[in-house]
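S.K.: Just so we're aligned: the sequence shown equals residues 0 to 173 in numbering that gives the first Met the number 0.
By construction, these hints were calculated from the structure, which means they are not laboratory data.
Glycine included, each C-beta is placed from N, C-alpha and C at the ideal position.
Hints may contain errors.
To be verified - Pairwise CB distance ranges, derived in the manner of DEER restraints:
(1) G55 - G77: 28 to 38 Å
(2) A13 - G54: 15 to 25 Å
(3) A41 - G77: 32 to 42 Å
(4) A41 - A13: 12 to 22 Å
(5) L60 - R17: 33 to 43 Å
(6) W128 - R84: 21 to 31 Å
(7) G160 - G81: 16 to 26 Å
(8) F173 - W128: 17 to 27 Å
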Amino acid sequence: MNWQAGRLVAREEAWCLRANRCGAHRIVRGYFRAVSRLGDGAFWYALMGVLAVSGGARGLLAAAHMALVGGIATLLYGRLKGWARRPRPFAADGRIRAWVAPLDEFSFPSGHTLHAVGFALSACLWFPWLGWLLVPFAVSVAASRVVLGMHYPSDVLAAAGIGVVLAEAVARIF
């Protein structure tokens with residue numbers, strides 16, 4: 000690894016450690032645990048249901064868009080994790096605590112973030128006024144993964160980029 004790449008890795012590890020230390024505060028940890036748990040799917044599935052039931056034809060299309068993004072995202076991030084095999088921050092650095100139990104072994108990319116960004120953007124493409132709720136929630140889900148010791152910032156940033164591309168690509172189908 001060249002010196003510049005080494006500096007970037009060291010800087011990312013330092014950010015990850017600082018964010019993870021915020022989880023030592025009970026209120027911060029509680030907030031991010033709750034957001035992460037909702038980001039497991041409950042919030043998004045409930046939103047799909049509400050849109051499908053109350054949004055008319057547009058709501059059905061939005062829910063279908065979100066469901067297709069979710070299915071592709073699940074296949075994609077599973078393959079990427081198996082390919083990259085990047086250890087989670089808490090497994091690589093004993094100073095970082097896992098504030099929640101991991102859902103799988105590897106870190107890259109963040110499945111929570113990929114889904115949160117993909118779902119939020121998909122819903123907002125159909126109902127832009129939902130942005131006031133969905134954008135802060137998706138950002139909180141992404142931040143939660145670093146604070147809780149599950150992901151590095153680059154895992155989250157890459158997943159967010161993939162989520163944007165995926166939501167936009169699926170939008171072309173509709």
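S.K.: Would you mind marking each hint as holding or not holding in the structure?
M.R.: These are the hints, each one checked on the structure:
no.: 1; hint: G55 - G77: 28 to 38 Å; result: 34 Å, holds
no.: 2; hint: A13 - G54: 15 to 25 Å; result: 44 Å, violated
no.: 3; hint: A41 - G77: 32 to 42 Å; result: 20 Å, violated
no.: 4; hint: A41 - A13: 12 to 22 Å; result: 33 Å, violated
no.: 5; hint: L60 - R17: 33 to 43 Å; result: 42 Å, holds
no.: 6; hint: W128 - R84: 21 to 31 Å; result: 41 Å, violated
no.: 7; hint: G160 - G81: 16 to 26 Å; result: 19 Å, holds
no.: 8; hint: F173 - W128: 17 to 27 Å; result: 19 Å, holds
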